[in-house]
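Mind docking chain B on chain A? Use the hints.
2 protein chains.
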Amino acid sequence: MKIAVMGAGAVGCYYGGMLARAGHPVVLIGRPAHVEAVRRDGLLMDTQAFREHVPLQASTEASAIRGAGLVLCCVKSTDTENAAAGMGPHLEPDALVLSMQNGVDNAERLQALMGREVLPVVVYVATEMAGPGHLKHHGRGDLVIGPSTASDELVQLFAGAGVPVRISDNVAGELWAKLIINCAFNALSAITQLPYGRFVQAAGVEPVMRDVVQEGLAVAQGLGVSVPGDIWQAVQHIGQSMPGQYSSTAQDLARGKRSEIDHLNGHVVRRGALLDIPTPANRVLHTIVKLLEGRAALVAPA
Amino acid sequence: MKIAVMGAGAVGCYYGGMLARAGHPVVLIGRPAHVEAVRRDGLLMDTQAFREHVPLQASTEASAIRGAGLVLCCVKSTDTENAAAGMGPHLEPDALVLSMQNGVDNAERLQALMGREVLPVVVYVATEMAGPGHLKHHGRGDLVIGPSTASDELVQLFAGAGVPVRISDNVAGELWAKLIINCAFNALSAITQLPYGRFVQAAGVEPVMRDVVQEGLAVAQGLGVSVPGDIWQAVQHIGQSMPGQYSSTAQDLARGKRSEIDHLNGHVVRRGALLDIPTPANRVLHTIVKLLEGRAALVAPA
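The listed protein sequences correspond, in order, to chains A and B. Heads up: the first sequence begins at 2 in the numbering used here, then just goes up one per residue. Heads up: the second sequence begins at 2 in the numbering used here, then just goes up one per residue.
Please keep in mind that the hints were generated in silico from the structure rather than gathered at the bench. There's no promise every hint is true.
In this list, chains with the same sequence are indistinguishable; a pair is considered to hold if it fits within one copy or across any two.
As the list claims (entries may be wrong) - Calculated lysine to any residue pairs in the SDA-like style (CA-CA distance at most 25 Å, straight line): (1) LYS258 <-> PRO196; (2) LYS258 <-> GLN202; (3) LYS3 <-> PRO94; (4) LYS258 <-> GLY205; (5) LYS3 <-> TRP233; (6) LYS258 <-> ALA297.
Given the structure is predicted, the values throughout are model-derived calculations rather than measurements.
Just chain A, same shape as in the assembly:
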């Protein structure tokens, strides 16, 4: 079965690369510099377990999804509309589409835009692009997928490629858990341009993160979402175990790129406003990141 990866960033390259390495025909759809490097040298996968050049197809055109039975949508939340418009005309009628994105509403948005089922997936992986066609993997790689008629097939497919998959009937809750954790770290790391270890112990940061988490949990509860696990404990664990990590939002801001903040703290603020649930801490963080994005756009045009 042909597999297409829409969005050849660090997440798309990791899962596309793992599937290609297991023998599946995979096409990565991404920007010219990446596509060119992958066509020339394959995808350099620099993982915790191995370092290999993995050969696979690559294209800059969304039409390359033609013939794919499985499509992994891995674009940034800010590109979801564009991706839907690009994929729509070329999707096979029986293709299975997975949204492997940050944020909590990308699968819904894709589904509404394309008029077909899209399965939301919670992605737990730490990766980054070290350069065109060069993927660095720092840890994990497991997925949580909602139940569907394709559940068994997906579990087997990914398991065969070394990717653990768990089927959960509370993907919405797990997406919110990840969202709230991202809300606690991403903006602070972005605004200060500091790695987690340089701010989690600083004066005042713990109560700020607690406020951010409480607001997120209140909004999720207002939406009827049941967030699993102890989020505050998870936040503390990440702060201790990933001291050198800069958030993706921090990386975007440093590169003058538009971040996903509208789909992180911004999502909590918008949903809170609809539900009349106050989100002052998330609002300050969201607003400042947007101001810094606007400032960067003036300094360094994209």
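Relative to chain A, chain B alone:
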């Protein structure tokens, strides 16, 4: 009567200069570069009304306050303890001490440290140091002083020097009004390094500033302080009328200097915590400015 100005920053230089220009013997106490320039060329006063080199005394030593009947304490809130320790041994027993500082508790702190009465003053002036011995005045210059047996004398002294003074029995309320307005602007301008006009209209900023103001008013109320006027209206007016202004906190951060943020949003947060009044928006702003100060200290040692 000899007048001493403790802290030859932009506020101290303005009032010291105005009094010297009116014929009073004034000594400015400040850092070596300023003192040297003032001794050599006088104080260059670049005001809205005139541009003059005003001759006056200058010293780097707190002992220069000896013989002064009036002492204007114009140091930053972060230097209040040092100033008290420096002035203490040299103050004349009958000298009148005015605290002409930002924040709401400097007069109290000076009073406690020096064991004598210190009058709190609300200072409304827009000034900056354009270089050593070079003061730029952008607007206003009026003072609000609490009632004392010296009220008439102070009003006459300053009026004769072109400085309007109002005596108020609610200086605490006026200091809180100024504090809350500073809380709304200073941190946002500092964190984004943007002038007021570049952020007040941006998405999300108005609700953030409203949260900051509401929290400040709630804490003031909890302390039994009656804040005069419509603070939100004042905030809107400043946003519209000073589009090119960077906050003093923004200037401090840009220069790698310690800011007064602990005495602005930080004060609201600390007092709120004592009173069990939530201050999430002020806390995020305070915490981020502290993180940026710490970061700047690593990059550019003071």
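Verification of the hints:
1. In this assembly of identical chains, LYS258 and PRO196 lie within 25 Å of each other by CA distance both inside one copy and across copies; the values are 18 Å within and 22 Å between.
2. Within a single copy, LYS258 and GLN202 get their C-alpha atoms only as close as 28 Å, which misses the 25 Å cut-off; across copies the closest is 22 Å, which meets it.
3. Within a single copy, LYS3 and PRO94 get their C-alpha atoms as close as 14 Å, which meets the 25 Å cut-off; across copies the closest is 90 Å, which misses it.
4. Taking CA atoms no more than 25 Å apart as the test, LYS258 paired with GLY205 passes between copies only; the shortest distance there is 20 Å, against 29 Å inside one copy.
5. With identical chains, the CA atoms of LYS3 and TRP233 are never at most 25 Å apart, being 41 Å at best within one copy and 60 Å at best between copies.
6. Taking CA atoms no more than 25 Å apart as the test, LYS258 paired with ALA297 passes in both settings, with 8 Å inside one copy and 23 Å between copies.
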